[in-house]
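Residue numbers (our numbering), protein chains in the order written: chain G, 1 to 122; chain L, 1 to 499.
Treat the hints with care, since some could be wrong.
[Said to hold, decoys possible] Straight-line alpha carbon distances no greater than 20 Å define the calculated PhoX-like cross-link-like pairs of lysine-lysine that follow: (1) G:Lys95 x L:Lys346; (2) G:Lys95 x L:Lys137; (3) L:Lys342 x L:Lys268; (4) L:Lys137 x L:Lys103; (5) G:Lys74 x G:Lys95; (6) L:Lys417 x L:Lys354.
[Unchecked claim] Not the full set, but computed from the structure, chain L residues with beta-carbon under 7 Å of chain G: (7) Asn15; (8) Lys286; (9) Thr287; (10) Val291; (11) Gly294; (12) Ile298; (13) Ile326; (14) Leu344; (15) Thr348.
Please keep in mind that the hints were generated in silico from the structure rather than gathered at the bench.
Ideal placement from N, C-alpha and C gives every residue a C-beta, glycine not left out.
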Amino acid sequence: MKRILLIEDNEYMGRMYQNLLSLEDYLVSWARDGEEGLEKASSLKPDLILLDVIMPKINGIQVLQKLKDSMDTKNIPVVILTVIGEQDIIDRALKLGAEGYIIKSTVDLNQLISEIKSYLKN
Amino acid sequence: MNFLKLLINPKSNENEYEIIFNNAPIGIYTLDKNGVVESINKKMLELSGIKNASELIGVNVLKLQSYKNFGLDKFIRQGLSGINFETQVKHVSFYGKKTSWRKYRGVPIFHQKKEVLKLLLLVEDITETKLAADSLKEEHIRLQSSLNSINVGFIITGNDGEVVMANFAAKQMFCTPIPSTTKFLPIPKLVNLKCSIDDIALALKDTLDIKKEVKRCLEGSKPFEFKDIQYKNMFLRIRITPIILIEENQKLNFIGAAILAEDTTEAKILDRAREDFFSIAAHELKTPLSVIKGNAEIIRIILGKNIDNKLKQMLEDINQSAIKLIEIVDDFLDLSRFEQGKLLFKKTPLDLTKIITDIVLGLSNMAQVKNLYIKIENKTSLKIMADETRVKQVLINLLGNAIKYTEKGGITVTCSKQNSMAKIFIKDTGNGISAQNTRLVFRKFQLAEEEPLTRNTSRSTGVGLYISKLLVEGMGGTIQLEKSIIGKGSTFSFTIPLV
Numbered sequence: 001m002k003r004i005l006l007i008e009d010n011e012y013m014g015r016m017y018q019n020l021l022s023l024e025d026y027l028v029s030w031a032r033d034g035e036e037g038l039e040k041a042s043s044l045k046p047d048l049i050l051l052d053v054i055m056p057k058i059n060g061i062q063v064l065q066k067l068k069d070s071m072d073t074k075n076i077p078v079v080i081l082t083v084i085g086e087q088d089i090i091d092r093a094l095k096l097g098a099e100g101y102i103i104k105s106t107v108d109l110n111q112l113i114s115e116i117k118s119y120l121k122n
Numbered sequence: 001m002n003f004l005k006l007l008i009n010p011k012s013n014e015n016e017y018e019i020i021f022n023n024a025p026i027g028i029y030t031l032d033k034n035g036v037v038e039s040i041n042k043k044m045l046e047l048s049g050i051k052n053a054s055e056l057i058g059v060n061v062l063k064l065q066s067y068k069n070f071g072l073d074k075f076i077r078q079g080l081s082g083i084n085f086e087t088q089v090k091h092v093s094f095y096g097k098k099t100s101w102r103k104y105r106g107v108p109i110f111h112q113k114k115e116v117l118k119l120l121l122l123v124e125d126i127t128e129t130k131l132a133a134d135s136l137k138e139e140h141i142r143l144q145s146s147l148n149s150i151n152v153g154f155i156i157t158g159n160d161g162e163v164v165m166a167n168f169a170a171k172q173m174f175c176t177p178i179p180s181t182t183k184f185l186p187i188p189k190l191v192n193l194k195c196s197i198d199d200i201a202l203a204l205k206d207t208l209d210i211k212k213e214v215k216r217c218l219e220g221s222k223p224f225e226f227k228d229i230q231y232k233n234m235f236l237r238i239r240i241t242p243i244i245l246i247e248e249n250q251k252l253n254f255i256g257a258a259i260l261a262e263d264t265t266e267a268k269i270l271d272r273a274r275e276d277f278f279s280i281a282a283h284e285l286k287t288p289l290s291v292i293k294g295n296a297e298i299i300r301i302i303l304g305k306n307i308d309n310k311l312k313q314m315l316e317d318i319n320q321s322a323i324k325l326i327e328i329v330d331d332f333l334d335l336s337r338f339e340q341g342k343l344l345f346k347k348t349p350l351d352l353t354k355i356i357t358d359i360v361l362g363l364s365n366m367a368q369v370k371n372l373y374i375k376i377e378n379k380t381s382l383k384i385m386a387d388e389t390r391v392k393q394v395l396i397n398l399l400g401n402a403i404k405y406t407e408k409g410g411i412t413v414t415c416s417k418q419n420s421m422a423k424i425f426i427k428d429t430g431n432g433i434s435a436q437n438t439r440l441v442f443r444k445f446q447l448a449e450e451e452p453l454t455r456n457t458s459r460s461t462g463v464g465l466y467i468s469k470l471l472v473e474g475m476g477g478t479i480q481l482e483k484s485i486i487g488k489g490s491t492f493s494f495t496i497p498l499v
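In isolation and in its complexed conformation, chain G is listed as follows:
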């Protein structure tokens, strides 16, 4: 069973993705902020990280940088999952080594699942 770490501060959003991913038989760990996300990333070594951008304390871009800077976590694929569609943020995330960038508000869930599957295959 593949393990997905979801780093998402919004309660409703987090619960929704958790429900969706559980339906697809993934093992989901949910971290509610960046700090918790970084801890869980290195302790659980998930197969994929879904990372929100707008979060308290440390934002998603900062989390991504830390994940990619650490030997422990730098090989875990990270997919950004956010409502932000600004090109400069997308460029920054991809430059920092994000595997994918999904805009929550426009993606439909079937599409999301198939994208997650493709990231997990690699």
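Position chain L relative to chain G; hints supplied.
Okay, now just chain L, sitting in the frame of chain G:
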């Protein structure tokens, strides 16, 4: 010596001196050691307004009330005691009608270098010079006070780049320990405060080499502007402009530079707040909307094939309404970013035909539901230079509108090459737009319908075409409504530069 002789004895027979005395353009008269008028020339008579010299000769001026009034008596006493004097007097004529300004000079003449023998008085009418000087002075004060009253730092440098003049705001900004444009030192302190180009250079040392820039401005006779210069807790806009003196022969002479330093902190904060507000509001709206949309989809997945048709439709409606709301929020976010110049275009070479085919395919469902055809004519292969997402957005908007406003028939997309541009036509067989509304369709919040209350709420927010126009123009093209006939349909077109 001869002149002195003449003065000592004005009635001498030396005609030549008398001619000079009487034709001198300044008033001259002499007093004896007691202050009694001895002689007087023509000009002086004219200045006194007296016809005959005899009326004044023999009069002791120290006893005249008018001399006392003008304060001249003191000076004459001073002259008679052997000390030269020069004074300006505001003269009011005997009848009190005419005011003039006069300059009196007193030159004592000594007998054997010891006691005063006579006092020679030279009088000039200086009204014109005096008034001119006064008005110049007044103009200068007015100008200086005006410059000191504005809260923009204003500095004038000479050709050497050194400060010639700095207003209060400039002094307060660059030459005090507490730079501010709202709180000023007491005025006497500001008046006495010196402000040199070195002070300004020191104040700005971390952000702008003002000496170098002033030099550059003076050498090139060109103005420069620097925005968002960070200084202490302020953001400044600094402009350096050469000062041009137009000489009488129309020759231009560059005599220095004017430096304007404006505190733009407030505007900057407001701008930032506005930008943040739109961006935050948009993201805050999109988060719960995404949850609504997503949960409706998940319920669909959970219920699977066993779902009741009514329930299925309800979930679909929740989903579609959430999507519609997200689109509106995205439109407004685009609009706000565009209007602030924050929308960036990532231009790459693109295959136009492929893009059109993809979009048409994506919208074919929407057309099918309404039984409309949607076709692409003459598929010429054109390579355009544009932002892929934005071109797609324009096509979706124009094609989406065509489908929305067409009930019968369908939509035809054509593209052709026109000079260095690709031109795309979107022709529909829909409602058409009335003549008076054709001018308005690309305006913000403008719907083609007559009345705002009769609009179709499932269709538009009124920003779609406006955004398309901004996007197309941002990529270097144009957009227009080619023609529209009520009941027959409309043709829109837009152009995009070819590679």
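Practice prompt. Below or equal to 20 Å on CA atoms is what counts here, so check Lys137 (chain L) against Lys103 (chain L).
Written response: Holds: Lys137 (chain L) and Lys103 (chain L) sit about 19 Å apart, inside 20 Å.
Item to complete: For the pair we were handed, Lys342 (chain L) and Lys268 (chain L), check the Cα-Cα distance against 20 Å.
Response: holds, 15 Å
Worksheet item: Close enough to count: is the Cβ of Thr287 (chain L) nearer than 7 Å to one in chain G?
Response: The hint holds - Thr287 (chain L) has a Cβ within 7 Å of chain G, the shortest such distance being about 6 Å.
Worksheet entry | Pair hint Lys95 (chain G) and Lys137 (chain L), alpha-carbon separation not exceeding 20 Å | At roughly 66 Å apart (the allowed maximum being 20 Å), Lys137 (chain L) and Lys95 (chain G) break the hint.
Discussion item. Hint Gly294 (chain L) vs chain G: min CB-CB distance below 7 Å?
Written reply: With a closest approach of 5 Å, the Gly294 (chain L) hint holds.
Worksheet item: Does the CB of Thr348 (chain L) sit less than 7 Å away from some CB of chain G?
Response: violated, 12 Å
Practice prompt. Return the status of the interface hint for Ile326 (chain L): holds when the least beta-carbon distance to chain G is below 7 Å, violated otherwise.
Written response: Holds, about 5 Å.
Fill in: Closest C-beta approach of Lys286 (chain L) to chain G relative to 7 Å, hint status
Holds. Min distance 4 Å.
Item to complete: Compare the distance between the alpha carbons of Lys417 (chain L) and Lys354 (chain L) with 20 Å, and conclude whether the hinted pair is satisfied.
Response: holds, 16 Å
Worksheet item: When you check the alpha-carbon spacing of Lys95 (chain G) and Lys346 (chain L), does it fall within 20 Å?
Response: holds, 16 Å
Worksheet item: Can we keep the Asn15 (chain L) interface hint, with Cβ of chain G closer than 7 Å?
Response: violated, 99 Å
Worksheet item: Between Lys74 (chain G) and Lys95 (chain G), does the CA-CA distance stay at or below 20 Å?
Response: With Cα atoms ~14 Å apart, Lys74 (chain G) and Lys95 (chain G) stay inside 20 Å; holds.
Hints 2, 7, 15 from the list above are not met by this structure, while the remaining hints are.
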